[in-house]
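Participant: Construct the entire structure; sequences and hints are all you get.
Letter by letter, the chains look like this.
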Amino acid sequence: GAGVSQSPSNKVTEKGKDVELRCDPISGHTALYWYRQRLGQGLEFLIYFQGNSAPDKSGLPSDRFSAERTGESVSTLTIQRTQQEDSAVYLCASSSRSGQKQFFGPGTRLTVL
Amino acid sequence: GDSVTQMEGPVTLSEEAFLTINCTYTATGYPSLFWYVQYPGEGLQLLLKATKADDKGSNKGFEATYRKETTSFHLEKGSVQVSDSAVYFCALSAQGGSEKLVFGKGTKLTVNP
Chain A
1 GAGVSQSPSN KVTEKGKDVE LRCDPISGHT ALYWYRQRLG QGLEFLIYFQ
51 GNSAPDKSGL PSDRFSAERT GESVSTLTIQ RTQQEDSAVY LCASSSRSGQ
101 KQFFGPGTRL TVL
Chain B
1 GDSVTQMEGP VTLSEEAFLT INCTYTATGY PSLFWYVQYP GEGLQLLLKA
51 TKADDKGSNK GFEATYRKET TSFHLEKGSV QVSDSAVYFC ALSAQGGSEK
101 LVFGKGTKLT VNP
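Heads up: the protein sequence lines correspond to chains A and B, in order.
Read in order, the letters of the first sequence are residues 1 to 113 in this note's numbering.
Read in order, the letters of the second sequence are residues 1 to 113 in this note's numbering.
Worth flagging that the hints you see were computed from the coordinates, not collected in a lab.
Among the hints, a few may not be true.
[Said to hold, decoys possible] Sample of chain A residues at the chain B side, in silico, Cβ under 10 Å: (1) G3; (2) V4; (3) Y35; (4) Q41; (5) L43; (6) E44; (7) F45; (8) I47; (9) Q50; (10) L91; (11) Q100; (12) Q102; (13) F104; (14) P106.
[As the list claims (entries may be wrong)] DSS-like cross-link-like pairs, simulated, lysine-lysine; straight-line CA separation at most 27 Å: (15) A:K101 to B:K108; (16) B:K105 to B:K68; (17) A:K101 to B:K56; (18) B:K49 to B:K105; (19) B:K52 to B:K105; (20) A:K101 to B:K60; (21) B:K108 to A:K11; (22) A:K101 to A:K57; (23) B:K49 to A:K57; (24) B:K60 to B:K105; (25) A:K101 to B:K68; (26) B:K68 to B:K108; (27) B:K52 to A:K101; (28) A:K101 to B:K49; (29) B:K105 to A:K57.
[Claimed, not checked] Covered stretches of chain B, going by a simulated chain A footprint (3 or more residues, C-beta under 8 Å): (30) 44–52; (31) 99–110.
Heads up, the beta-carbon is just placed ideally off N, CA and C, and yes, glycines get one too.
Facilitator: Here you go:
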């Protein structure tokens, strides 16, 4: 596609449920990033994938958060046993390689009731 | 750890006014510095960047100069337009590593006709 796409655009879930968020990067982009934007806050880095290298998971806030990426394509961010503080906009970005301009998707707005 | 501090908003200006949004950073080494913009209803997009000290990034009439001595990267525009109304984020990417972005909290700008 022309840009980074994310699905769903909105997700409302109940506390304790698991959710999966999807990111489709720009074709050919080897680097993929997940960020979180809570209300009134800046974006927080969560996780980074670069090719077949081990991902940088240093930003994941707890072991309830995990992410996978198959090759250089789709990535899914999974949040288990969601909590109200997980409510945020989750943004995905991709770049042609590490250090290059990051292109952001429209985000998934997650609301945990 | 690395961090970015930008002036709190919201900022409200009249059309053709001068804009400054302050941004300072804390980082080891020589990070790359960025301004991202999020227009209403749109995704985050790169506005300008600078990768080394004294570099000036510019785009769409906006400018920012990388000042190593004051660890700053203030955003300026000489004459704002209504269409500049958006949220502006200052960010850095640390030298080496995963090139993840560290963001400030964002500054909401509203320009009135």
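Participant: Can you confirm whether the C-alpha distance between B:K52 and B:K105 stays at or below 27 Å?
Facilitator: Cα-Cα ~23 Å, so holds.
Participant: Would you check whether A:E44 satisfies its interface hint, that is, whether its CB is within less than 10 Å of any CB in chain B?
Facilitator: Result: holds, 8 Å to nearest chain B Cβ.
Participant: Answer holds if the nearest beta-carbon of chain B is closer than 10 Å to that of A:L43; otherwise answer violated.
Facilitator: holds (4 Å)
Participant: Need the status of pair A:K101, B:K56: alpha-carbon distance at most 27 Å?
Facilitator: Since the Cα atoms of A:K101 and B:K56 sit roughly 17 Å apart, the hinted pair holds (cutoff 27 Å).
Participant: Take the stretch 99–110 of chain B, compare each residue's beta carbon with every beta carbon of chain A, and decide whether three or more fall closer than 8 Å.
Facilitator: As far as the stretch 99–110 of chain B goes, the hint holds, because 8 residues have Cβ atoms under 8 Å from chain A.
Participant: Please check whether A:Q50 passes as an interface residue: C-beta within 10 Å of a C-beta belonging to chain B.
Facilitator: Result: holds, 7 Å to nearest chain B Cβ.
Participant: Check, residue by residue, whether the stretch 44–52 of chain B contains three or more positions whose beta-carbon lies closer than 8 Å to a beta-carbon of chain A, and give the verdict.
Facilitator: holds (count 4)
Participant: Mind checking the alpha carbons of B:K49 and B:K105 for me, to see if they're no more than 27 Å apart?
Facilitator: holds (18 Å)
Participant: A closest beta-carbon separation below 10 Å is what the hint needs, so does A:V4 meet it against chain B?
Facilitator: The hint holds - A:V4 has a Cβ within 10 Å of chain B, the shortest such distance being about 8 Å.
Participant: May I ask you to test the interface hint for A:Q100 with respect to chain B, counting a Cβ-Cβ separation under 10 Å as satisfied?
Facilitator: holds (8 Å)
Participant: Would you mind confirming whether the straight-line C-alpha gap from B:K108 to A:K11 stays at or under 27 Å?
Facilitator: The hint holds at about 25 Å.
Participant: Within 27 Å, alpha carbon to alpha carbon, are A:K101 and A:K57?
Facilitator: holds (20 Å)
Of the hints listed earlier, there is not a single one the structure fails to meet.
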